[in-house]
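Quick note, the sequences are listed as chains A and B, same order. Per the UniProt record's numbering, the first sequence starts with residue 1, numbered consecutively. Per the UniProt record's numbering, the second sequence starts with residue 1, numbered consecutively.
You may find that some hints are simply not true.
[To be verified] Under the rule of at most 30 Å between Cα atoms (straight-line distance), these lysine-lysine pairs were calculated in the DSSO-like manner: (1) Lys-155/B to Lys-247/B; (2) Lys-247/B to Lys-247/A; (3) Lys-247/A to Lys-304/B; (4) Lys-11/A to Lys-247/B; (5) Lys-183/B to Lys-304/B.
If you're looking for bench data, these hints aren't it; they were derived computationally from the structure.
There are 2 protein chains.
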Amino acid sequence: MVKTCQWVLRKRASDLPILTGPDATFALIEADSGAPNKGEVLIKSLYFSNDPSQRGWVDAFTENERLYVPLLPEGAPMRAFAIAEIVESKADSLKKGDLVRVWTGWSEYAVVDAQRCTKLAPLPNGLSETHHLGALGFTGLTAYFGINDVAQARKDDVVVVSGAAGATGSMVVQLAKKVIGCKMVIGIAGSDSKCRWVESLGADTCLNYNSSNFAQDLVKATPEFVNVYFDNVGGGILDLLLTRMAKYGRIAACGAITNYNKSGNNTIGIKNWFEIITMQVQIKGFRVMDYVGRFEEALQVLLKAVVDRKLKIDSEIEHVVDGRFEDVPGIWMKLFTGVNQGKLITKL
Amino acid sequence: MVKTCQWVLRKRASDLPILTGPDATFALIEADSGAPNKGEVLIKSLYFSNDPSQRGWVDAFTENERLYVPLLPEGAPMRAFAIAEIVESKADSLKKGDLVRVWTGWSEYAVVDAQRCTKLAPLPNGLSETHHLGALGFTGLTAYFGINDVAQARKDDVVVVSGAAGATGSMVVQLAKKVIGCKMVIGIAGSDSKCRWVESLGADTCLNYNSSNFAQDLVKATPEFVNVYFDNVGGGILDLLLTRMAKYGRIAACGAITNYNKSGNNTIGIKNWFEIITMQVQIKGFRVMDYVGRFEEALQVLLKAVVDRKLKIDSEIEHVVDGRFEDVPGIWMKLFTGVNQGKLITKL
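Can you build the whole structure from these sequences, using the hints too?
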């Protein structure tokens with residue numbers, strides 16, 4: 001048993017989570033880790049994965065029955081995916097010093113069931129272990145199944161990817177262009193410098209949604225309309241894309257970060273629904289856990305694409321932020337302020 | 001050649017079409033029918049089908065490239081599906097007196113290519129020939145392919161149908177409950193009397209969307225959530241249904257009549273898009289012409305269901321309005337004012 005700092009849920013967020021003051025979303029506390037029983041391990045968190053989906057678990061308006069992962073109870077450490085080191089093991093499968101991927105919480109130390117830990121496999125080419133949280137973790141798998149299975153992108157398709165400079169989007173762009181070989185891949189991102197980076201990953205072009213010409217730029221870039229739209233953002237960009245879908249177009253609905261921090265009445269409404277009917281568009285909401293039985297197969301494809309230099313997962317595709325434990329919620333908040341590029345990871 | 005009255009497009013509609021005055025959408029004119037050449041026939045219109053999709057062809061905002069049937073040019077007779085009688089034939093396949101289904105216009109007489117005419121097949125049980133425009137025409141086929149193929153409704157499913165007292169909706173309710181045998185079929189309609197009629201067709205219950213308790217009624221009626229939503233209306237009802245979809249729910253997007261007569265900025269926005277992601281919902285826009293190769297197969301199923309008394313297509317499922325030719329646009333407008341029940345047909 002050790003003393004551990006934890007960031008726990010203090011008050012659900014109705015809009016953008018609040019870091020300080022009387023309405024602060026999280027509180028920093030000190031607690032006992034507890035001691036591992038048989039089959040359990042004591043872990044020390046090394047890296048936290050920062051994911052938009054975490055926002056939903058602390059939302060003030062969402063009903064529990066409508067979430068695939070339940071709401072976080074107030075007082076509990078914020079749920080997070082992490083890379084951790086085994087400090088003490090009461091399980092045969094793990095020993096002190098092993099590095100694992102694990103669902104834990106914003107806690108320096110924690111006792112968890114050993115079965116919830118997956119030992120990190122060695123990566124080729126001296127790639128950073130942090131890729132287990134990103135390009136070779138849930139992020140890469142989300143991109144893989146989303147573009148291949150949900151959107152069914154093929155060589156002849158014009159593909160648009162929003163949030164293209166984000167963790168998932170930057171993988172989708174590469175998979176669509178370099179692995180599937182789609183005819184045209186168009187990224188959408190929030191600044192010119194992000195757009196240039198997305199183009200360096202292989203996008204034929206990338207459009208800045210903060211440009212005043214964005215809508216016209218999109219029309220110009222899609223004279224043959226759009227067969228596949230991989231949607232990471234929802235809101236106004238989605239609404240605009242509905243007017244550019246080709247007949248029988250497919251939309252993979254992966255995220256709606258635009259709306260994560262809006263209370264009900266401020267949500268940006270979708271006004272072009274009718275285009276779904278006239279163009280016979282198909283939309284599928286999905287989550288990566290639907291494909292859990294095929295993770296190994298997908299990881300082999302991703303790893304081969306890295307070795308073949310089709311998939312660039314160098315340090316630019318990650319945004320690793322060094323921080324003290326006090327900084328954990330603040331670093332996570334970068335997801336929602338548009339300053340982030342690639343997979344955002346907190347290094348403790 | 002004969003003299004014929006025609007209703008032609010005068011001025012595109014930006015909101016609800018206008019019947020009279022300086023901004024009238026249509027104009028009544030007199031014209032020559034023209035004389036049939038070889039392979040053509042002169043037809044006399046007997047019945048017009050009234051369809052919400054006609055609204056799109058005279059819309060002021062829609063771009064041509066986004067319609068599967070092109071916009072109607074100004075000055076042309078309003079396009080309409082009809083039952084007509086052959087008055088004069090220059091084609092081997094048709095003779096004077098034959099009754100046909102045909103895409104024509106709001107015109108008393110017209111010359112058309114004989115290949116565009118389909119001779120009416122005899123119906124069992126002395127059913128009215130007008131069913132060729134409704135339950136046994138595009139309406140019934142839309143319902144059939146929408147509920148079976150697009151929404152993939154099965155016995156275990158809870159099904160919700162909006163516009164349930166409309167032409168398509170009233171067929172969907174019957175197919176879902178009586179032919180597929182779905183566990184629960186819930187209709188949505190605009191008055192208590194319509195709701196009682198929908199229940200008489202087999203719906204387990206039907207909810208009045210004009211009731212002040214509608215949202216709560218829907219929650220109460222769907223404790224296990226909704227597997228299939230057949231959407232004929234779009235707008236606020238669709239938005240509400242998104243909050244009631246079960247995991248892996250399917251939405252057949254058939255119509256959005258709520259928005260047909262709203263100019264761009266007044267369109268009712270969809271705010272609950274995020275539910276599509278959290279519940280992994282699938283949405284498919286469709287139109288019946290995608291299934292043209294299977295029309296015969298479907299009609300056989302529909303006819304057998306009529307003979308087996310599973311499908312009630314008596315006079316109540318049609319709303320045949322006797323009218324003079326001057327009344328044609330006014331009768332069509334009943335589609336948009338909520339006074340109509342079942343398939344709206346104009347009898348000249």
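Here is what the structure says about each hint:
Under the criterion of a C-alpha separation no larger than 30 Å, the hint pairing Lys-155/B with Lys-247/B is consistent with the structure, at around 17 Å. Simply put, Lys-247/B and Lys-247/A have alpha-carbon atoms about 27 Å apart, close enough for the 30 Å limit, and the pair holds. Between Lys-247/A and Lys-304/B, the direct Cα distance comes to roughly 34 Å. Violation of the 30 Å bound is thereby established for this hinted pair. Restraint check: the Cα-Cα separation between Lys-11/A and Lys-247/B comes to about 28 Å, which is no more than 30 Å; the hinted pair holds.
Proximity of Lys-183/B to Lys-304/B is assessed by CA-CA distance (about 22 Å); at most 30 Å being required, the pair is judged to hold.
Checked against the numbered hints listed earlier, the structure breaks hint 3 alone; every other hint is satisfied.
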